[in-house]
Structures are given as structure tokens and as C-alpha cells.
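Everything in the sequence shown is counted per my numbering, starting at 3 for the first residue and increasing by one.
Keep in mind the hints are simulated off the structure, nothing from the lab.
Do not rely on the hints blindly, as some may be mistaken.
Label pairs and their calculated CB-CB ranges [what the hints assert, rightly or not]:
# : residue 1 : residue 2 : range
1 : A186      : G68       : 37 to 43 angstroms
2 : G68       : T183      : 53 to 59 angstroms
3 : A186      : V59       : 42 to 48 angstroms
4 : V59       : P358      : 24 to 30 angstroms
5 : K411      : A141      : 36 to 42 angstroms
6 : R238      : K411      : 44 to 50 angstroms
7 : T143      : V343      : 36 to 42 angstroms
8 : D125      : D271      : 47 to 53 angstroms
In the SDA-like style, the derived pairs of lysine to any residue whose C-alpha atoms are separated by at most 20 angstroms in a straight line are [as the list claims (entries may be wrong)]:
#  : residue 1 : residue 2
9  : K179      : G199
10 : K43       : R63
11 : K364      : N287
12 : K255      : G266
13 : K416      : L401
14 : K255      : Q236
15 : K323      : P113
16 : K293      : D344
17 : K295      : A265
18 : K246      : N287
19 : K108      : E399
20 : K269      : F367
21 : K269      : A197
22 : K246      : D261
23 : K359      : K323
24 : K166      : L180
25 : K323      : V59
Fair warning: this is a prediction, and the values are worked out from it, not measured in the lab.
Even glycine gets a Cβ: it sits at the ideal position worked out from N, Cα and C.
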Amino acid sequence: MKFRKATPVVLAATLALTSAACGGGGGGGGGGSAQPAGDGKSFEFWSFSGINQKRTVEDYRKVSPGVQVKLTEVGGSTETAQALTTALAGGKVPDLVLIQGDDLPKFVQQPQNFQDLRQYGADKIKSDYLDWVISQSTAKTGEVIGIPTDVGGMAVAYRTDLFKQAGLPTDRDEVGKLWPTWDAFIETGKKYTAATGKAFVDNAATSVFYQAVNQGPQKYYDPSGNVVYATSPQVRTAFDLAIKAAQAGITAKQSSFEDGWSAGMGKGDYAVISAPSWLLEQIRNNAPGTKGKWDIATIPGGSGNWGGSYLAIPKGAANPKAAWDYISKMQSPQGQLDHFVDVGALPTTPSVYQDPKLTGRKDPFFSDAPIGKIYTDSLLGLKPFLIGPDSAAIGQEFLNAITNVEQGKGDPAKAWDSALANIKTAIGK
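Can you make the complete structure from the sequences, with help from the hints?
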């Protein structure tokens, strides 16, 4: 579901964690391993932290009281993907694993290491999910290796009290009209900073580049799977916008998910942050004293998505049928709607987008913003693009180059070429 800051993982620690997490519940690793026999009454589930899978597991236990779920939060999404990679290479695999969307493409390229979920009926429920979401977990040869759990959508969270101090409108509809485009967003930032002497937005990398680059039909890969990051107008335009924002002096220079960024939410170090639906929980947790001072407005450009996750069953799972039972019950349209009501995770099942439980959901922390409607509207206008096996690595180098400029460590005129060189070193092309 959610983007999490990449954290270095020592291989030895990963191996130890992989072994410990699955002792007693996991199966053999790799696509060529024999599938061990399971009891069908329990399964081992690897998740990453921050997504509140504990709540979903608790709900599952209510409808399947005879099944024991052994939930392990491995770490961040990157750590979980690394642990899974190690397990697939020969360790003990879990029965069920949560994979963040940016990490998924490299696993889709190895369908032999996962259960083809069509054998359990995935082909009959594919139409329940947004086409562009379910297609990302479908291999070129047709295997379905994952079922989506959520998407992020995109909007802008802003401090109404700080906007009022700057003489800007505070009503969410009027605020959205301030920035129909990213250039208008930057101009609004200049007005805010001129009026207050404070930063407008947290940073240019994730709040500008990462959002603008996701708003077109082609990103780092073309539809045929060819790498096009160096020649894509969509990528270059988003990069130039972020550099423009950094040079405009409107950012707090606080990198997402760092300690200063988290504390800055509560201290008013910045008034605006680009926020997918899952980020709202972080704002609540990081700045509890600001309840009622935030609101949600549309993102410049009107649409977007950041995040999303999938549940997959490794080939060597000991209890694949039990794992599928969990998927089929908890990731149905009703299951995803219930999870949205519980924790705000945005469903990938459009059949519930008009349900009153979703459209009528208002968040008191964010001035009673109708978060269900705002975020699903941002998805409906989205132009899907191909996410490739190196998309995460490519994106990270662009973010690094922008951050260096923002923090005075990089030359704006050389930032693009520097990013391209680093990407070529990272992925070899």
C-alpha cells in the first residue's frame, strides 16, 4: 500500500530474520522447491510496518476463528521485499506476503517463484479491481501473482490556520482553484512565503516531482517495456518543475519520512504537503496537536496516485489455500470497503466508490474533509503507465538529484545530467 523510506539492510540480519520469521510456518524457497505439506489451519504472513495489517488480521479471525494467522511485520516495505528476495533464493518462505507496488515488477518477472492465483479463482475476480492496478500483478505469460489491497490516490493536505495568516483562502474548493497547474502551485507558494517568511511546502522531491511525474501516460518505461526515462517529456517536465520549486525558496528542505519532516508537521515548518490517502495517518500521528487545523484539497493537475500494495503467495508456501482464503475474504470489494472504514486504506475496487460508507466518510482531523470522495476522484482521472523492474531505482536517483539542489549541494544546471549518469550506473542502461 504505502511508500516507506528505504532502509539499508545487512544481508546477515536479513537472513536471520527470514529464518526466524518462518520457522514452523514457512515452506521451501524458490520456484523449484517441492511444496511442503501444511495443516491448512494456520499460515505465516509477512507484512511491512505502517499499513495496519493487524486490524485486518483481527477482522479475519472473527470470520475464520479456526485459522491461526502468524503475522510478522518484517520492517519497512523495502526490507520486506529484500527479505522475500532472500527467501526465494533458498530460504524459508512465508505463506502470504505483502509487496509494495514499486517493488512488485521485479517479482512479476519471476512468476515461477509464486503461486499462480488463477488456480484459486483470481481470473474470476480480476474485474473487481481497477484494470491498471490488477494488470501490474499479471505476468506477460498470464500468471496472476498478486491481488491488490489498496491504492494511494493523491491530494494536498494544507494548514488552514497558516493559510489564513498568509491571507490565502482556507475553503478546500477555493484552495484547489489556487493551483490548477504545478506552475500555479509554485506561484501560490511564493505568495505564501512572501507573506509569512516561512516555507510553503515540505520539499520539492516528493511533493512536486514525485506527483507531477505520475500524471501522464508514460513515465520511466514505454508501454512495450523499453526504458525511456532519459527522453520522456513527462519526466523532464516534472524534474524541471521540482528544480523550479527548489530554486523559488518555497520549500522547507525536509526530506520525506526523516525526523525533521515528521516534527515539522506539528511545528508549522511548512503549510502544505502532497498527501496520498495513507499519509493522513502519519500526519495524525506526527502532529496530534494540530487536529482540525488541516484540510484536504485537490492536487495540481487533478489526479494521481502514490502507493499501493499486493498480497502474493510464494510457490513454496506450506499453506497456500489458507492464504488464499484470507485474500478472498479480506480483499473482496466489501472487505476493502470495511478496511477503508477502519483505517482509511483506499480501496482498489471501484464498485464501492459510490457506497455511502465511502462517499460520506469525513475526517474530523482534516476539518471534516470528505476523504473518500476526494481520493477516489483523483484516481478516476488517472492515466495509467507501465511500472518496470527498475522504476524504483530510477525514481530514487531523480529524487536524490532534486534534493541535492534543494539543499545547496548540487548545481541546478547540471542536476538532470547528473541524475541520468547515476541512473545508468545504478541500473546499467
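Okay, the hints, checked on the actual structure:
1. Checked against the hint of 37 to 43 angstroms, the C-beta distance between A186 and G68 comes to roughly 57 angstroms, which is inconsistent with it.
2. Between G68 and T183, the C-beta spacing of about 55 angstroms keeps the proposed range 53 to 59 angstroms intact.
3. Taken as a hint, the range 42 to 48 angstroms holds for the pair A186 and V59, whose Cβ atoms sit roughly 44 angstroms apart.
4. Look at V59 against P358: about 27 angstroms separates their beta carbons, and that is inside 24 to 30 angstroms.
5. Take K411 and A141: their Cβ atoms lie about 41 angstroms apart, and the range 36 to 42 angstroms holds.
6. Our hint of 44 to 50 angstroms for R238 and K411 is violated, since their Cβ atoms are close to 21 angstroms apart.
7. Take T143 and V343: their Cβ atoms lie about 37 angstroms apart, and the range 36 to 42 angstroms holds.
8. Hint check: D125 to D271, Cβ distance near 49 angstroms, so the stated range 47 to 53 angstroms holds.
9. At most 20 angstroms may separate the alpha-carbon atoms for a hinted pair to count; K179 and G199 exceed this at roughly 23 angstroms.
10. As the CA atoms of K43 and R63 are separated by approximately 12 angstroms, the hinted pair is consistent with the 20 angstroms bound.
11. For the given pair, K364 sits about 18 angstroms from N287 by alpha-carbon distance, which is consistent with the 20 angstroms threshold.
12. Distance check on the hinted pair: K255 and G266 sit about 11 angstroms apart at the alpha-carbon level, within 20 angstroms; holds.
13. The hinted pair formed by K416 and L401 meets the criterion: a straight-line CA distance of about 14 angstroms does not exceed 20 angstroms.
14. Proposed proximity of K255 and Q236 is contradicted: the alpha carbons are some 24 angstroms apart, above 20 angstroms.
15. Pair hint K323 plus P113 holds up; C-alpha atoms about 18 angstroms apart against a cutoff of 20 angstroms.
16. Between K293 and D344 the CA atoms are separated by roughly 19 angstroms; this keeps the pair inside 20 angstroms, and the hint holds.
17. Between K295 and A265 the alpha-carbon distance is near 16 angstroms, which keeps this suggested pair within the 20 angstroms criterion.
18. Between K246 and N287 the alpha-carbon distance is near 31 angstroms, which puts this suggested pair outside the 20 angstroms criterion.
19. A threshold of 20 angstroms between alpha carbons decides the hint, and for K108 with E399 the separation of about 18 angstroms falls inside it, so the pair holds.
20. The suggested pairing of K269 with F367 holds, with an alpha-carbon distance near 16 angstroms, which does not exceed 20 angstroms.
21. Taking the CA atoms of K269 and A197, the gap is near 18 angstroms; set against the 20 angstroms cutoff, the hint holds.
22. Between K246 and D261 the alpha-carbon distance is near 25 angstroms, which puts this suggested pair outside the 20 angstroms criterion.
23. Proposed proximity of K359 and K323 is contradicted: the alpha carbons are some 31 angstroms apart, above 20 angstroms.
24. Straight-line distance between C-alpha atoms of K166 and L180 comes to about 14 angstroms, which keeps the hinted pair within the 20 angstroms bound.
25. A threshold of 20 angstroms between alpha carbons decides the hint, and for K323 with V59 the separation of about 16 angstroms falls inside it, so the pair holds.
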